[in-house]
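Trainee: Now for the letters of each chain:
There are 2 protein chains.
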Amino acid sequence: MINAAGREIPESIPGLKKVVPYAGPFTLIPQNRMAGPRLSVNLPKSDKLLTSIDQALDAVGLKDGMTISFHHHFRNGDYLLNSVVEAIARRKLKGITLAPSSLTDVNQAIIPFIEAGVITAIETSGARGALGRLITDGRLARPVIIRSHGGRARAIECDDLHIDVAFIGAPCCDCYGNINGTEGKSACGSLGYAMVDAAYADKVVAITDNLAPHPIFPVSIPQTQVDYIVEVASIGDPKGIASGALRISKDPRELLIAEFAARVIEYSGYFRDGYSLQLGSGGAALATAKFIREKMLARSITASFGVGGVTAPFVGMLEEGLIKTVFDTQDFDIVSIESLKKNPNHLEISASYYANPHSRGPIVNNLDFVILSATEIDVNFNVNVITDSNGVLMGASGGHCDTAAGAAVSIVVAPLLRGRLPMVRDRVHTIITPGETVDVVVTERGIAVNPQRRDLLDCLKSAKLPLMSIEELQKIAYDLAGKPEPVEVTDEIVAVVEYRDGSVLDVIRKPR
Amino acid sequence: MINAAGREIPESIPGLKKVVPYAGPFTLIPQNRMAGPRLSVNLPKSDKLLTSIDQALDAVGLKDGMTISFHHHFRNGDYLLNSVVEAIARRKLKGITLAPSSLTDVNQAIIPFIEAGVITAIETSGARGALGRLITDGRLARPVIIRSHGGRARAIECDDLHIDVAFIGAPCCDCYGNINGTEGKSACGSLGYAMVDAAYADKVVAITDNLAPHPIFPVSIPQTQVDYIVEVASIGDPKGIASGALRISKDPRELLIAEFAARVIEYSGYFRDGYSLQLGSGGAALATAKFIREKMLARSITASFGVGGVTAPFVGMLEEGLIKTVFDTQDFDIVSIESLKKNPNHLEISASYYANPHSRGPIVNNLDFVILSATEIDVNFNVNVITDSNGVLMGASGGHCDTAAGAAVSIVVAPLLRGRLPMVRDRVHTIITPGETVDVVVTERGIAVNPQRRDLLDCLKSAKLPLMSIEELQKIAYDLAGKPEPVEVTDEIVAVVEYRDGSVLDVIRKPR
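Protein sequence lines correspond, in order, to chains A and B. Here the numbering used here is used: the first residue of the first sequence is 73, the next is one more, and so on. Here the numbering used here is used: the first residue of the second sequence is 73, the next is one more, and so on.
Only chain A is shown next, with the shape it has when bound in the complex:
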């Protein structure tokens, strides 16, 4: 069948209870109820402390075929996922589904355990490097399920993704299981993704290198959700968890794109006191923050809130009073972690509060602007951020489609060419964000407004921006670099891209 994004979707896909084709960003209205977490009992003064990950695997009764989850707040500094998978492999367990909030390069250490059949399925936001290539090669027993941050929260909360055991990396954990992420040598800041896992998993194991006397505060994950606690020497490498200094773009093309994006915001009609925004963590998005800040100062405009993955420029604007509140699911640098710890206007939120579409309204619903990156954009404004020009998995869904759907104005920034490859083209290889939720595409050569946003186009006419149609942008790209060859694929589906509502937006097929 062909879904509303024009993609051919099979009637059934291994690992999905039911294939619901994507039918538009807000068409799927859930009729039933959320999942009920497991009821449990913990007697007064009972001891949750275990001495090793092995003991925890015994305690939770981990068995062949179960689903385990992790959170990716430790990014490339993460020790947890690899060491738990190793411990599972030592027990010769098979057929485990791995459901981390995302995978990073450091996780390629688990490849031998995928090859050995310990891990046979993955449900996550994305993967890159050797893991991405392995997935694209179809080396798992069933297609990987790719979900956005909001989609993952939704899937967990309604039991589409049932987690048997959640492993929570806990930078600070007291001896009865209250957890926060801002204290300790492995501080990572917000635990926004892990909060959902802890609330819904059948068993929850906290692993900490900073066991504190009861009670700690603030509490990000409460003792009422934690079954067991394991103390280890180290849960992560601080150098990999958070970057110290921020990369400020000096690339003139990136700066030009950022300047255009800032001008789109300025003239959009939504740039007024109390507006709200999300910036990505890419170079152009961060550079946009610099230009937006100047425009806010010039016009004496303050933002009611910013949301995201938080970086130092956002924190700077919070501290200057230019942004009133920052909502935080994840921190990218030390400045942001410190800010979450000390600034009461900097609020930790769960991935569900951030973006779960099946609630009474996540915070992305309140966004005026989001700046998003892209690896490819097509003439229908569909955006790819997950596969490269060879059709290989090398990115993550993240909050891309969530914020695009929620924001009043979603702005995708990308260079028109990367090397000799046009970034605006007839058709993207993989759709992560459907075009009907993308309002503006900004490149260094021109800016295209989605025709369904005539209101925006009218506002931008006075902005002295190189406005053109998306087809014109594509033509410039093709004229410069030639028409790109589509990636030839086999029939084998290696990954499924779920839209945030659980419908199937696209599938990734094994390249030929």
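Result set (DSSO-like, lysine-lysine): computed pairs, CA atoms no more than 30 Å apart in a straight line:
id, chain 1, residue 1, chain 2, residue 2
1, B, Lys413, A, Lys413
2, B, Lys367, A, Lys117
3, A, Lys117, B, Lys396
4, B, Lys396, A, Lys414
5, A, Lys257, B, Lys414
6, B, Lys257, A, Lys414
7, A, Lys362, A, Lys322
8, B, Lys413, A, Lys414
9, B, Lys362, A, Lys117
10, B, Lys536, A, Lys117
In short, the hints are calculated from the structure, not lab data. From a predicted model like this one, the values you see are computed outputs, not experimental measurements.
For chain A, the structure is supplied; the task is to place chain B on it using the hints.
Mentor: Using the frame of chain A, we list chain B on its own:
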């Protein structure tokens, strides 16, 4: 059938899915799952604001036979419950179940609507005054279900108590439904009871007299749980919500009881650095705080946390550094509300985190001491706090049985006589807290330690306290005031006392 507390319980009781007789404080291990809240969708930029309670009743589709909930943080200053019930009555709806976290004197305004059949059932913590008498008279269609604070959280979370519509009194609410209780003219402090309702009710209506721009922070109840918002002129009378000045007991008998209780704590073996405690809000409990404080200063001991209904003496000890953290489900005075607002060590918690026994461990599990009041205690250490000497409902279950079960040392304080009535007797009229969870009974004439706590008895021998058996205490009382006549009752059951785990601990029968 006779339950483990020795009470005769019928095989079935209208309004209870199943009658499970009480079998001991930790015997009932839940095997299934929690309830799943209703899935819902709220489109970006959609408007949750309604102009009246009537419009909200339309929007939620309130119908005959539904269950509605409220929270009692506004105590005798509450305008909300009465005005919503009045609005429901104007629609001539019938057979509504009222499920507030508790009822206060001000709620007797709803009596005409009970008589008219608008409200036909009540599930709550307790009632007093005219409402208590009406319930005791059997004027509702089915027995009132009495639950503790922890038991109510459990019942909501596992769908024993299914709330169709929760009405949340919101001292501060932004226009997308984020709520806190510390700001605005009707500030009540913690919204600990309401948090559970908002998380599980099918529909959630926030009613506020302080509508703020989005987003507010801190957030006690998130926008993801709120369907509609109604702005009204006033949700409560500040004078009734919180008391300004605290009553310091000058009653010599109360002071003597408090001094004994403090000495029990001091010599119990659990009074050491890092201990934890809950104090009730009664006169003797508050006076105990004064003596405990002196002993802490004398011995250079600090408490890791205090929990409760929070009052000024607790806040004072927090500010002095004698208590490291205060966990707060409810604030009784202005000092406590202000403290919650400004002190990061003063933490708002839900009733579930406080005391739900069917979780991985509520905070009551970590308590060393709780001081509790009583209207009657029997020779099996069973405690009544809910019916008076005529068998009439005049109190509330509150956190009594929750903290008694959780604390290492539960201390019940009561005068040996009230007027000419012995408080220690053969048999209490109603059991709210089973004797096997009560460790020490403190009266002005003597102190009885539960024989199952030989460890405590040994510790207390050096404390120069008038230790005696509970039978000796009872004999002194009977010798002074005579053997009290038991309340003669009919067969008609007017209320059911659920233990915190959902089993039936006792029933209240209509007096003859």
